[in-house]
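Take a look at the letters that make up each chain.
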Amino acid sequence: MSKEKWYIILAGLIIGVIASVLVLLGNPANMGFCIACFIRDTAGSLGLHKAAAVQYVRPEIIGIVLGSFLLSLAKKEFSPRGGSSPMTRLILGFFAMIGCLMFLGCPFRMILRLAGGDLNAILGLVGFAAGIGCGILYLKRGYSLKRTYRLPASEGAAFPATTVALLVILLAVPSLLIFSEAGAGPGAKHAAVWISLLAGLIVGALAQRTRLCMVGGIRDAILFKEFKLLLGFVAIFLAALVTNLILTATTDGTYFKLAFEGQAVAHMDGLWNALGMLLVGFACVLLGGCPLRQLVLAGEGNSDSAITVIGLLLGAAFAHNFGLASSAKGPTDAGKIAVIIGLVIVIIIGECNIRSNRKKG
Amino acid sequence: MTKLDACGLSCPEPVIMISQAMKSGDSEYEIKVDNRVSRENVTRYAEHQGYTVSVTESDREFTLKITK
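Going down the list, the sequences are from chains A and B. My numbering applies: residue 1 is where the first sequence begins, and numbers increase by one. My numbering applies: residue 1 is where the second sequence begins, and numbers increase by one.
One chain only, chain B, in its complex shape (with noise of 0.2 angstroms):
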């Protein structure tokens, strides 16, 4: 599993934070994001090439699950 850590990031850094790591093919990432509009767009971003998306939230901070 790839992890990332976006906190802090405004989009679109998160996004193509993600995106450059999906080069790698891995099947399962986990990225934290700060912010919503990051969740929203990361989401965004993964559900469109397949993966499934999953938010845990804690203290402010966003740790999204991606998955394929």
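Just chain A, same shape as in the assembly (with noise of 0.2 angstroms):
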């Protein structure tokens, strides 16, 4: 096997411990990282919406775009650039959230519900393939969202320096903040600020360096039968499982519990669980990476990749503005409806722009 697939089994596994331990030092249930949820979190504390169950700025997301940074300026890999169809991006990462609220969990939280032993996942996983599966479709009839240019440092530097910006506040500013309070739901659930913030750098720093992508997993073996990344992914699973298994076994508390029922942060829907994560799968493919992915490409300097995050903290705050974000009790009717029209929307989005390619010649 080569060096590469070494490096990024390596990097899971370190990412899929850390996750777990991220569980035993104070995050929520099956959630030591979800770039979904933890977005959605930071959106409640800027008041851009007001679900008091879900307002806290995960210092994980500021580490993860500050190790992508620091390392990719470290490594001669910053790259400010962009230009590739902003918005078309911003839609995109909008409703990739709206399906990650869905489910409860991005592609990543999905990996760790499963260690987690919540089958429900498996449901999500099968929508989420299946999403990855459309997405291929458009990448094979010629969907492109086009060329990045490269633009000056500042540009780069811009998306990276706000998250500085929210790290001062969270430290030096915090009533500017809104939090959740104790009991009120996940968001008052979390490991201290510099433990959340070492994460993120380690997880961030890992992630750039081996350019890990759930979405790029199960796409690039399914189109090219490239298994690279799609061995991150299992190395986390594994890690995460067997660090859950541990932590259940010599402590008080339970990590890990096979079944459907009962799961911390999850619903038992099954056909909206597969349907939300379906949106994801579809969306992040035609978006070029996961949310993961995105937030790292944004440290690296992508402004893209930036305006598709800001997509995604959009989609949070509509989904928790208008009930569209489900609950352990379920989906909602209105959350239903709008995956459905993510899902038309993002089919509309394929073939408008293959269409205009093909006209471009």
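For the record, the hints were derived by calculation from the structure and aren't laboratory data. Mixed in with the good hints, there may be bad ones.
[As the list claims (entries may be wrong)] Stretch by stretch, here's where chain B covers chain A in the computed footprint (C-beta under 8 angstroms, at least three residues):
no., segment
1, 139–146
2, 222–233
3, 244–253
Keep in mind that this is a model prediction, so the values were computed, not measured. All C-beta atoms, glycine included, are put in the ideal place defined by N, C-alpha and C.
Reassemble the complex: the two chains are provided individually, in unrelated frames, and hints are given to aid placement.
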């Protein structure tokens, strides 16, 4: 096996252990990391939505962006660029978040939910793979978000600088932010700021180095029979699973429970778990990467990915302002309608893109 | 020799570009990319298909010569 495959396996193992340990240190169950949930919590903390249960500026998000930013600078891979269909990306990011909040997790958390024994995530995985398959059909038909262009360093640094500003506010003037009160819900559960930040920095740096991407893993395996990224995916699952089993055996807490019922921050509506993740897989193939990868690319200076993250943030705010997000009770009718609208819009984006590309020849 | 320009394109597009070009059965290709991820991915794909890849870099652009 090649050196780069060993690297991504090692990185995946480290990330999986970190994710489980974050739960031990205070994060919600099966949510050592969840890019969608953490962006949603951050949106709430900034007052972009008023769901009292999910409001906290998650330092993991800041850490991932900065970990990628710092390592890309050190490795001379910091590359300010953008201009590749930004508005399309914003809309795809928006609906990817709608899909994530139907399922209650991004692809990263889907793996962590599986590693915690949450069988509902299997339905999510089935939908996710089907969505990636849909996206691949469009890639094969000539879907393209077109070329990016080099931009000034200040443009590439703007997003990482924004996350630094958010960190300064969190540490120095937290009174500006809104925080879920103890016992109010997942937003109130978190590890200490410095631990979360450090975990984010490590994961951001490892993901930058290995190009880890949950969508890319399945996409490349189907499209090119290339399994490198998928190995990272599997390594995270195995490491988190083993760590969860060890923690369950050695502590008072339960970190692994093989069941559909009684899973934390999850619901049991299999159809909508699958359809939510189908929308995520589909939209993310058209975006070129999963939410984690978008954060990492934004850290590397990619403005298009930064816009995508803003789309995710907007999607999270809308999802909670308009009752689209699921809860432990299950999906909402408004959420189901939003996922169907999302699927229709992603298809329209794909079809229009292919037609305009064909016209240009 | 088939020449391709994948500068500015993000993965997987450069790999799709080379994979579709390889259907022609040519024994020599040249593809330009402008980021390391694309360089790594196109190289890996071409090597899996039994090609040899040599890379030259100038002004942050990589030219990959792919030969059988």
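Taking the hints in turn, this is what the structure says about them:
Under the rule that three or more residues need a Cβ within less than 8 angstroms of chain B, the assignment of the segment 139–146 of chain A holds, with 5 such residues. Here the segment 222–233 of chain A counts 5 residues with a CB under 8 angstroms from a CB of chain B, which clears the bar of 3, and the coverage holds. Chain B is given as covering the segment 244–253 of chain A, and this is violated because 0 residues of the stretch bring a CB closer than 8 angstroms to a CB of that chain, at least three being needed.
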